[in-house]
Amino acid sequence: MASTPPVDSANSTAFDFTEAQRSDQFQQLRKTHRSFVFPMAVAFLVWYLLYVVLAIYAPEFMSQRIFGNVNLGLLLGLLQFVTTFGITAAYVSFANRKLDPQATALREHLEAAGAGRGEA
Amino acid sequence: MINITNAALPAIHAATDTETVGTPWINISVFLAFVVVTLVVVIRASKSTSTAADYYAGGRSFSGTQNGLAIAGDYLSAASFLGIVGAIALQGYDGFLYSIGFFVAWLVALLLIAEPLRNTGKFTMADVLSFRLRQRPVRVAASISTLAVTFFYLLAQMAGAGALVSLLLGIGSKTGQSLVIVVVGIIMIVYVLVGGMKGTTWVQIIKACLLVTGVAVMTVWILAMFGFNFSAILGAAVETNNNPAMLDPGLKYGLSEITKIDFISLGLALVLGAAGLPHVLMRFYTVPTAKEARKSVVWAITLIGLFYLFTLVLGFGAAALIGSDRILNSPGGVNSAAPLLAYELGGSILMGLIAAVAFATILAVVAGLAITASASFAHDIYTSVIKNGNSDPKQELRVAKTTVVIIGLVSIAGGIGAQGQNIAFLVALAFAVAASANLPTILYSLYWKRFTTRGAVLSMYGGLISSVVLIIFSPVMSGAETSMIPGADFAIYPLSNPGIISIPLSFLLGFLGSMSERRPEDPKKQAEMEVRSLTGVGAEKAVDH
Chain A
1 MASTPPVDSA
11 NSTAFDFTEA
21 QRSDQFQQLR
31 KTHRSFVFPM
41 AVAFLVWYLL
51 YVVLAIYAPE
61 FMSQRIFGNV
71 NLGLLLGLLQ
81 FVTTFGITAA
91 YVSFANRKLD
101 PQATALREHL
111 EAAGAGRGEA
Chain B
1 MINITNAALP
11 AIHAATDTET
21 VGTPWINISV
31 FLAFVVVTLV
41 VVIRASKSTS
51 TAADYYAGGR
61 SFSGTQNGLA
71 IAGDYLSAAS
81 FLGIVGAIAL
91 QGYDGFLYSI
101 GFFVAWLVAL
111 LLIAEPLRNT
121 GKFTMADVLS
131 FRLRQRPVRV
141 AASISTLAVT
151 FFYLLAQMAG
161 AGALVSLLLG
171 IGSKTGQSLV
181 IVVVGIIMIV
191 YVLVGGMKGT
201 TWVQIIKACL
211 LVTGVAVMTV
221 WILAMFGFNF
231 SAILGAAVET
241 NNNPAMLDPG
251 LKYGLSEITK
261 IDFISLGLAL
271 VLGAAGLPHV
281 LMRFYTVPTA
291 KEARKSVVWA
301 ITLIGLFYLF
311 TLVLGFGAAA
321 LIGSDRILNS
331 PGGVNSAAPL
341 LAYELGGSIL
351 MGLIAAVAFA
361 TILAVVAGLA
371 ITASASFAHD
381 IYTSVIKNGN
391 SDPKQELRVA
401 KTTVVIIGLV
411 SIAGGIGAQG
421 QNIAFLVALA
431 FAVAASANLP
441 TILYSLYWKR
451 FTTRGAVLSM
461 YGGLISSVVL
471 IIFSPVMSGA
481 ETSMIPGADF
491 AIYPLSNPGI
501 ISIPLSFLLG
511 FLGSMSERRP
521 EDPKKQAEME
531 VRSLTGVGAE
541 KAVDH
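From first to last, the protein sequence lines are chains A and B.
When you line the first sequence up against UniProt numbering, it's residues 1 to 120, in that order.
When you line the second sequence up against UniProt numbering, it's residues 1 to 545, in that order.
Keep in mind that the hints were calculated from the coordinates and are not lab data.
Do not rely on the hints blindly, as some may be mistaken.
[Stated by the list, open to error] In silico PhoX-like pairs for lysine-lysine, Cα to Cα no more than 20 Å straight-line: (1) K31(A) to K98(A); (2) K31(A) to K449(B); (3) K449(B) to K524(B); (4) K449(B) to K525(B); (5) K291(B) to K98(A); (6) K387(B) to K401(B); (7) K295(B) to K98(A).
[Unchecked claim] Here are some chain A residues pointing at chain B (derived, C-beta under 10 Å): (8) F44; (9) Y51; (10) L54; (11) A58; (12) M62; (13) N69; (14) L74; (15) G77; (16) R97; (17) K98; (18) L99.
[Said to hold, decoys possible] With the Cβ distance kept under 7 Å, some of the chain B side facing chain A (calculated, not the full set): (19) E239; (20) I264; (21) G267; (22) L505; (23) G536.
Computed from a predicted structure; not experimentally measured.
Note that the Cβ used here is the ideal one computed from N, Cα and C, for glycine as well.
Chain B on its own, in the form it takes in the complex:
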């Protein structure tokens, strides 16, 4: 047994009575500086936003490296940073599953989806899904599922914003936090309206660099405190919390057979969800070729992998240096483990910096989500269905921008409602919906010749409805201490994640729907899609300026 470093322990006791964390004015100024810098970048980038391809897909002019950074920026949301660090700090080993699942999931995107998607689509996920099927029903289904996934994802980001700000600016009251969520929502709307995809992509790039750097610095710092001995951090985590079980599996999910199945359900949703997230899929359209799409996934995997390895150290570091009691008793609860850790390490200044980065993370992810949902609505429902393909691009763009405003308002309301939940957990719900509603249809339409419109529509609605209904009747909504609707109890589905039922169901419906349709789809379209997906013939080119 390696001796636990005792040098770190006195510092913990010295800091236990510090209730307000950091100096609000430092936090605010660091944060404002960041917002100003990014807004300047957005406004500069927006000068070349004129066409729909510019607004939705950044003119397809980003390099694979830039796009890889932007994907990492999109993906490493507040859930990854605040949520996972909190989950590991409190649940130890069981929290680590989030890191692994969120990361391994990228292989689905790399191996099966990124390149064919780039080769066959234009702006949105529905472009690919409706390529060789009947346009209207498939586009509408894809667009509705995009909006649903976006909604769950936004809830998580907004809940994170509330937690972070309450800790940072010393705003403890629910009204104060709600007000902050309103401000974040408004800044986000401005970001997207002014900059479009190009501006948003630059925000993602800046933020990804800052986030990974910030987390790397904290990781090295913690490792240095423990003599670069990871085992010693684990030992200190056990010591501080007086809980040897935290290193072993089962602390949260080992209680009963139901929680065990819940763990598997979560694991399944995590690994299959990433490649069905509309805002991640849309990123593959911002590069000029499939090869660049591949390169961007490789960059994303590298950054995301490093990031999740760092969060393992941060999570156990927070458990060791702060302890679960103090984390739970702080204003932001479980989601405040990371900023508390920053305070423990570098005082007000580091905490201000880290919190600003986390805040920017939320802002950037929300912007990415808003643009995806607005593109999907304007392009797939408004232009293709309502206007029958006859709207002029200016009109479509106006609809997209109106959608951004509406999404901004809905996410503000949702964020106020979802305060206090662990955001990694909330994001896992978005993953479950994405894996159920989108992934089966994407895979079938790229790789299964016999797939039909009926299969697609059944699979998408079946996956979407089953996952959302199961969430509504799960302990997430009612019947448990942490439920969204306290006091009520209509939880008839015992698991908190729907994936284990809704994902197989969606695959099955896609299969049965296709087999039951006597009339196969146009074989010419299928031929075209397959040839294009592998060779890149006729793929959308970059826009020159």
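Next up, chain A with everything else stripped away, as it sits in the complex:
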């Protein structure tokens, strides 16, 4: 019993998920999810790190005044805020439209087959 303390019995069920994992339906959901979140995560990280590196290694470039006292560095920093809000909105709309219907269908299907019973 030491390897599986009862605490985790609420975490797992006797239901075998390997078949569900192999199903086309799930693979499709997995693909939809990953093909959005992975490229998006890489993109914002690269954009953020580019900003950090530019600020410290190209200070003259970033210090160019764009209007008044506002320089390019400050403007790009504000642009980081804009892209973060933008990516958030894009993800929420994507998840509501593409992920939720697939996930709900699959969940209902699995629950009908007996998965997830015996929960707290």
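Start from chain A and add chain B according to the hints.
This is chain B only, laid out in the frame that chain A set:
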């Protein structure tokens, strides 16, 4: 070039000789009123705290909106408010990196972590990490790293409390400040013991609303003083400090190659740390579904984003209206820029209000941290390892509450030791530890099939030990003017943030550890975790009352 508003300048000179700031009795009464109101809320909420799910996860009954506010409340700590405003006021552009990093970091949580975490876990981060790996080693590692991150985070909050109070109540002596830290610690212990997660969540919600409102009012006020011209504020900041370099990158970090790398290290720790913070992760369990978890992150991102935009105005506003000399010479040092600014704008009353909000912020964040660490210890080490899963829930709850008391005492001691440091900087250390010890394992276990127990344990201990050891041998601890141990010098690691070494190292160890383990983990468990993480089958449900 836009003309700098000169109308604001005479006011600065008129106020320069005011040394004690505000009226202590106004500050105290505003603060006490706030404490009484929140305590009443906590006691009311606590009437329905009976089970472990109630105590740790608020019965999973919070809506996404409420939880989003609470996340913002948890995240916008004194470091964000006092620390960032101070950093921007003194270092200009280089301080702005904190705002951007702390904010952009939320995309990691939104895209990769919040929903699968809600779908696969129960109370703590370790629930997810140990889902398909061997329970004991992973739970112990996760719990130790939770305690370590919490400790660094608490240091920052307590240092903030000291700075704020010294300014507010006119307590200049170190003994007086230490005494105040003791009082804060005791109030915090009461908060958590009485209210549990539900009470704490309500404190976070109230505080988030007050903080964002207070900061918004100050921002509009400053903008109005400068004719809603941001460029004019920047101009005035340069003028007051007589330092044109403050708008450009490099004021603090551009000095040498080492400081440049330090800047990148800080940037990396900030963006990867947020999603590894145990007290933030635990928040995702207080909502009923993954969809609500998503909604709560969206709310959090909106509020946090607005807040950090405001701090940009406040930081340069403080630089313009007060100037770095006066900030550094005030009782609270760099951390007192925000309350000083409030005084400059609205006198004693606004300063009393803003300081009370900042104080409440510290209190609430400390409570959130304490509950996370106590849940982790009671649930992951006591019940799962010491008692082999056989403790009854009442016992576990008692252990959790004892842990709160111990954490309270440790944070009081730590806070007394960390007085005078910039708290945004201290929090960045907690972020570095979180990004090194927790994030790689969370990502691997959610997204990499081949990940094994050895990988998890190596990555967590490797990240934790390397980051903590690098901090100990960095200028943070010794060898510099601002070090924690003045006089000593054993700083052999030149950077002040360990992230650039410890984060990649932890990812690498997780990879190598897993590849070197011949026996893969149970494929059934992996299947279950993956299916559950995306579909929400069998996720913990809300508790009905």
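Right, here's what the structure says about each hint:
Note on K31(A) and K98(A): the hinted pairing holds, with a Cα-Cα distance of about 11 Å set against a maximum of 20 Å. At most 20 Å may separate the alpha-carbon atoms for a hinted pair to count; K31(A) and K449(B) meet this at roughly 15 Å. Under the criterion of a C-alpha separation no larger than 20 Å, the hint pairing K449(B) with K524(B) is consistent with the structure, at around 11 Å. A distance of roughly 10 Å separates the Cα atoms of K449(B) and K525(B); the hinted pair therefore holds under the 20 Å criterion.
As the CA atoms of K291(B) and K98(A) are separated by approximately 13 Å, the hinted pair is consistent with the 20 Å bound. The hinted pair formed by K387(B) and K401(B) meets the criterion: a straight-line CA distance of about 17 Å does not exceed 20 Å. Straight-line distance between C-alpha atoms of K295(B) and K98(A) comes to about 16 Å, which keeps the hinted pair within the 20 Å bound. Hint status for F44(A) relative to chain B: holds, with the closest Cβ pair at about 5 Å, below 10 Å.
Satisfaction of the interface hint for Y51(A) is found here, the shortest Cβ-Cβ separation to chain B being roughly 7 Å, below the 10 Å cut-off. Hint status for L54(A) relative to chain B: holds, with the closest Cβ pair at about 8 Å, below 10 Å. For A58(A), the shortest C-beta to C-beta distance to chain B is roughly 8 Å, which falls under 10 Å, so the interface hint holds. Contact between M62(A) and chain B, as hinted, is supported at the beta carbon level, the nearest pair being about 5 Å apart and thus within 10 Å.
Taken as an interface hint, N69(A) checks out: its beta carbon lies about 4 Å from the nearest beta carbon of chain B, inside 10 Å. With 10 Å as the threshold, the beta carbon of L74(A) comes within range of chain B, its nearest partner Cβ sitting at about 7 Å, so the hint holds. This hint holds: G77(A) has a C-beta 5 Å from the nearest C-beta of chain B, less than the 10 Å allowed. Hint on R97(A) is violated. Least Cβ distance to chain B is approximately 13 Å, over the 10 Å limit.
Residue-level restraint check for K98(A) is violated (minimum Cβ-Cβ distance to chain B is 12 Å; threshold 10 Å). About 8 Å separates the beta-carbon of L99(A) from the nearest beta-carbon of chain B, less than 10 Å, and the hint is met. Given hint, E239(B) at the interface with chain A, is violated; its Cβ is 10 Å from that chain's nearest Cβ, farther than 7 Å. At a threshold of 7 Å, the smallest CB-CB gap from I264(B) to chain A is about 6 Å, leaving the interface hint in force.
Hint status for G267(B): holds, given a least beta-carbon distance of 4 Å to chain A, under 7 Å. Interface hint status for L505(B): violated, as the beta-carbon distance to the closest one in chain A is roughly 18 Å, over 7 Å. This hint holds: G536(B) has a C-beta 6 Å from the nearest C-beta of chain A, less than the 7 Å allowed.
Going through the hint list in order, the structure does not satisfy hints 16, 17, 19, 22.
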